[in-house]
Amino acid sequence: MRVRSDKIRAAVVVVAFAGTIAGMNAAWAVTELRASVSQNQMTLADTVEYRVEITGDAAVAGTQPQPPDFRSAGFEVIGGPSSEQRISIINNMQAAPSLTVRWLLRPMREGELQIGPTRVPVVGGQTMESSPVQVTVSKMPAAAPGGGAAPIKPGEEIYSARTGNEAIDRQLRDRLFLRPVIDKTDAYVGEQITLTYELCQAEGLNISGYGYEQLPSYPGFMVQTLYEPPRGQLQFRRQSIAGVTFQIAPIQTVALFANKNGATTIPAVVLAAEIPVSRGARRRMPSVFDDLFLDDPFFQDTVRARLVARPIAIRVLSLPTEGRPADFSGTVGDYRMTAAFDRPEVRQYDLVTLKVQFSGKGQLDAISPPRLPTVTGFERFKEQSGAAGGAKTFEFLLRPTEAGDVRFPAIEYAVFDPAHKQYERLQTPVLTLRVLPAPKPEKPIIQVFTPPTPGPGGETPSSVVELNRDIEYIRTTDFLRHGLMAVPLYEQPAFLAFQLVPVVLLGASYAVRRRRERREGDVAWARRRSARSVASKRLRGARKLLSAPDGSRFFDELSRALRQFVADQGNESAAGLTGERIAHLLGERGVESAAVEEMVQVLDLCEAARYASARPDLAEMRRVFDRASELIDRLAKELR
Amino acid sequence: MNAECGEREFGFVGALRRLAACATLVFLFTCSICGIAATAPDVSELHRRFATANEDYQNKRFKEALAGYRQLVDAGVSDPVLYYNAGNAYVQLGEKGRAVMMYERALRLAPRDGRARRNLAYVRPPGGAPAPFVLWRPFLFVRDLFSLNEWLLIADALFVWIALAGSLWMLARHEAARAAARWLLAVGIALAVAVGGFVPWRGYQERGRSIGVIVEKEAVSRHGPSATLGEHLRLAEGTRVEILGNEGNGWLCVRPLDVAPSSRERTYVRQETVEKI
Numbered sequence: 001m002r003v004r005s006d007k008i009r010a011a012v013v014v015v016a017f018a019g020t021i022a023g024m025n026a027a028w029a030v031t032e033l034r035a036s037v038s039q040n041q042m043t044l045a046d047t048v049e050y051r052v053e054i055t056g057d058a059a060v061a062g063t064q065p066q067p068p069d070f071r072s073a074g075f076e077v078i079g080g081p082s083s084e085q086r087i088s089i090i091n092n093m094q095a096a097p098s099l100t101v102r103w104l105l106r107p108m109r110e111g112e113l114q115i116g117p118t119r120v121p122v123v124g125g126q127t128m129e130s131s132p133v134q135v136t137v138s139k140m141p142a143a144a145p146g147g148g149a150a151p152i153k154p155g156e157e158i159y160s161a162r163t164g165n166e167a168i169d170r171q172l173r174d175r176l177f178l179r180p181v182i183d184k185t186d187a188y189v190g191e192q193i194t195l196t197y198e199l200c201q202a203e204g205l206n207i208s209g210y211g212y213e214q215l216p217s218y219p220g221f222m223v224q225t226l227y228e229p230p231r232g233q234l235q236f237r238r239q240s241i242a243g244v245t246f247q248i249a250p251i252q253t254v255a256l257f258a259n260k261n262g263a264t265t266i267p268a269v270v271l272a273a274e275i276p277v278s279r280g281a282r283r284r285m286p287s288v289f290d291d292l293f294l295d296d297p298f299f300q301d302t303v304r305a306r307l308v309a310r311p312i313a314i315r316v317l318s319l320p321t322e323g324r325p326a327d328f329s330g331t332v333g334d335y336r337m338t339a340a341f342d343r344p345e346v347r348q349y350d351l352v353t354l355k356v357q358f359s360g361k362g363q364l365d366a367i368s369p370p371r372l373p374t375v376t377g378f379e380r381f382k383e384q385s386g387a388a389g390g391a392k393t394f395e396f397l398l399r400p401t402e403a404g405d406v407r408f409p410a411i412e413y414a415v416f417d418p419a420h421k422q423y424e425r426l427q428t429p430v431l432t433l434r435v436l437p438a439p440k441p442e443k444p445i446i447q448v449f450t451p452p453t454p455g456p457g458g459e460t461p462s463s464v465v466e467l468n469r470d471i472e473y474i475r476t477t478d479f480l481r482h483g484l485m486a487v488p489l490y491e492q493p494a495f496l497a498f499q500l501v502p503v504v505l506l507g508a509s510y511a512v513r514r515r516r517e518r519r520e521g522d523v524a525w526a527r528r529r530s531a532r533s534v535a536s537k538r539l540r541g542a543r544k545l546l547s548a549p550d551g552s553r554f555f556d557e558l559s560r561a562l563r564q565f566v567a568d569q570g571n572e573s574a575a576g577l578t579g580e581r582i583a584h585l586l587g588e589r590g591v592e593s594a595a596v597e598e599m600v601q602v603l604d605l606c607e608a609a610r611y612a613s614a615r616p617d618l619a620e621m622r623r624v625f626d627r628a629s630e631l632i633d634r635l636a637k638e639l640r
Numbered sequence: 001m002n003a004e005c006g007e008r009e010f011g012f013v014g015a016l017r018r019l020a021a022c023a024t025l026v027f028l029f030t031c032s033i034c035g036i037a038a039t040a041p042d043v044s045e046l047h048r049r050f051a052t053a054n055e056d057y058q059n060k061r062f063k064e065a066l067a068g069y070r071q072l073v074d075a076g077v078s079d080p081v082l083y084y085n086a087g088n089a090y091v092q093l094g095e096k097g098r099a100v101m102m103y104e105r106a107l108r109l110a111p112r113d114g115r116a117r118r119n120l121a122y123v124r125p126p127g128g129a130p131a132p133f134v135l136w137r138p139f140l141f142v143r144d145l146f147s148l149n150e151w152l153l154i155a156d157a158l159f160v161w162i163a164l165a166g167s168l169w170m171l172a173r174h175e176a177a178r179a180a181a182r183w184l185l186a187v188g189i190a191l192a193v194a195v196g197g198f199v200p201w202r203g204y205q206e207r208g209r210s211i212g213v214i215v216e217k218e219a220v221s222r223h224g225p226s227a228t229l230g231e232h233l234r235l236a237e238g239t240r241v242e243i244l245g246n247e248g249n250g251w252l253c254v255r256p257l258d259v260a261p262s263s264r265e266r267t268y269v270r271q272e273t274v275e276k277i
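Protein chains in written order, with this note's numbering: chain B, 1 to 640; chain L, 1 to 277.
Bear in mind the hints are in silico, worked out from the structure with no lab data behind them.
Check each hint, because a few of them may be wrong.
Stated by the list, open to error - The list that follows gives simulated cross-link-like pairs (lysine to aspartate or glutamate, DMTMM-like), each with its CA atoms no further than 20 Å apart:
| # | chain 1 | residue 1 | chain 2 | residue 2 |
| --- | --- | --- | --- | --- |
| 1 | L | LYS60 | B | GLU472 |
| 2 | L | LYS276 | L | GLU104 |
| 3 | B | LYS361 | L | GLU231 |
| 4 | L | LYS217 | B | ASP327 |
With these hints in hand, go ahead and build the complete structure from the sequences.
Printed below as a string of structure tokens:
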């Protein structure tokens, strides 16, 4: 009885719930459809959110709005659709449910663009349409002719952060942005341009995280990264600008070196930053009592802001041809060059290192080694280079061959100085090296040579230089000892074919083992398998006895061959096999009666001949032998 | 069990079949040998040319000697002694880059040739390549101890060893023999695993990468495949480079090998400055 009352109670609850839902649906009969965009004015660099909000019963009926053709409207879909369903309960009364579907769009052309209506099917097979939405897309903002320099210049063009929430965007205007700081926008090919992207946030805003949405890219430039925040931790500095205190942190500093002349643009960089805001701030219409950016984490929520650094136009000038030295190798920058021997005094035929160092501002990696002047009394052996600590050093290993005070002429090197816009010739002073007389060594000179700069781990790898020795002499023997053509073995068919041998060997061994195991485990099978060969052996023995003087031995062997064959086929002992038993065994195995009769006849013949007083003639014996052979062959085929 | 059951007797037809199979194999093998022999050049003629080139070298007629060696190389003869002598001739003519190329070829075929190693060290440009990490050196030593063909033969011998040990293990009736076979099999597999890593490694070194040598006195490399682009590196004659690609306009994309690690960057050189090993 209790179970039954529970069922009734459950049924009542279900019916009541269904009635409630039905009543609610009746109340939501009116469906509203509204389409909007996050901003109606934008540039080609911006993105816009297209929202469709459905209110009413269609919002809970699994309805999917049919969006307009964004591409024909001039937009590219870069995100979405993402939908959000909401059912609000206000004062214990359920309000009409709503469904919001969003797309993130990027304009593909400028002008007055119209996003067509979105359609939603409603009850009764009808379709609702939203009103079209107008969006004005302007050109990509022109790159500022001059790079901004910290502190922010009045009038410097900056793009404030965008979140898609108008209220928050208003609060963030001119308070959170990403700006490029570049030292020059006109540069020569190979000249260093220093560019820093700085994240600026007004005090009170504390972004909780950031990541690149569009990485910095520098087409047409060789890039050398000078600074990146260690482990992504921003290092802020405080700076007051127009009465507002900002926290400014560099997120990347690079040195750029243009590869080719002409106008080029460094594309915009887009950063996504997480900003903690109060929970009420995400609502469409925040209360005037809401403080957007509360410090209390309990009341905080996070919004994602998009920070765009403007693209930068760069004009790259080609190096002037006028006054270009003949030995100019393309080095551009503000450099100094020094040279020195590693010691003032050296013994004749010992090794000495001449160090030539470049320091200054420019692309150190691109500095090519200087050409040493031709000096008599020096042999040149080795050259190494390395760049570290803002300097590049070339080391030349020399061996003085003449004693005395040797003057090493000045080393000259042509560079282009972009600051003075002219070619300059760097020059070292004339060096003097005292070479003490010493006999020429007979043994090879071996000297450990250490590169000028340590490796990344601080190690200083060394190499050994052997100087005064000659090559080993030619060989006149052992020619073609390795064969005519040292073709790789894997290209030779015979080698490839040989690879089958071990495989076949293993396979055959496995087969033999299986066969042996079966033979040892199944005697009847083993006897049947070997019956033919055993009979053949006995037949060969009988053939040998054809010429024996005693014919009975021949017939005895022939009879044994036949009986043994039948006994092996039937897994019986050959000793007790009678003619009837043989006929029975062969009949069991399905042998034709003619063959059985033949078997019995041949056996009878053998028996008769064995005990005959006279020896049968040879022709008769051969006939019987042939009959027995044929019979065994025939039976072997039938019993296979 | 019947005593006669254990007897094995080969039937006449079976014997004929086996004989035919063996005859076919022998025939095919003989044909392949004959085919190889038919395509091979006259060995005595090659020896005569080699001796003539050696005479020229000994009489300090290096150009003629080199021409003789090159003739043999161009005829398809691939021999470490020939490459070694050609390298020497190049050294005498002052072409160290091509000498490096010849010594490298010789060492690929005969990696334990001390003379070729010494001569290569003599002509190779002083490079900034640091010595490999100390724990890495034994592996490099073992890898370079044998040529690719030798490594393949070693691997093949181990393969046969494993097959024989496996067969013995499967077929042996006595426990002692089976235990010995198991032991041989385990040793063979362990050796095969050890060798198995070196074969592809050596194969990659010899055949997997395209290595060339700078054959000009000082090749200027550029940042891109054009003479108008900035100068990148100056590569000494004899510097080995890994050829990464052919740009199709007479420029090769290479990575220098015998230079300091900081200079082992992708760079571009003119095609005629590099000769492939």
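Compare the distance between the alpha carbons of B:LYS361 and L:GLU231 with 20 Å, and conclude whether the hinted pair is satisfied. Satisfied, since the Cα-Cα distance of roughly 18 Å is no more than 20 Å.
Given the proposed pairing of L:LYS276 with L:GLU104, does the C-alpha separation stay at or below 20 Å? Since the Cα atoms of L:LYS276 and L:GLU104 sit roughly 10 Å apart, the hinted pair holds (cutoff 20 Å).
Against the 20 Å threshold, does the CA-CA distance of L:LYS217 and B:ASP327 hold or violate the hint? With a Cα-Cα distance of about 18 Å, the restraint between L:LYS217 and B:ASP327 holds, given a limit of 20 Å.
Run the distance test for L:LYS60 versus B:GLU472: straight-line Cα separation, threshold 20 Å. 15 Å, holds
Hint violations for this structure: none, all hints satisfied.
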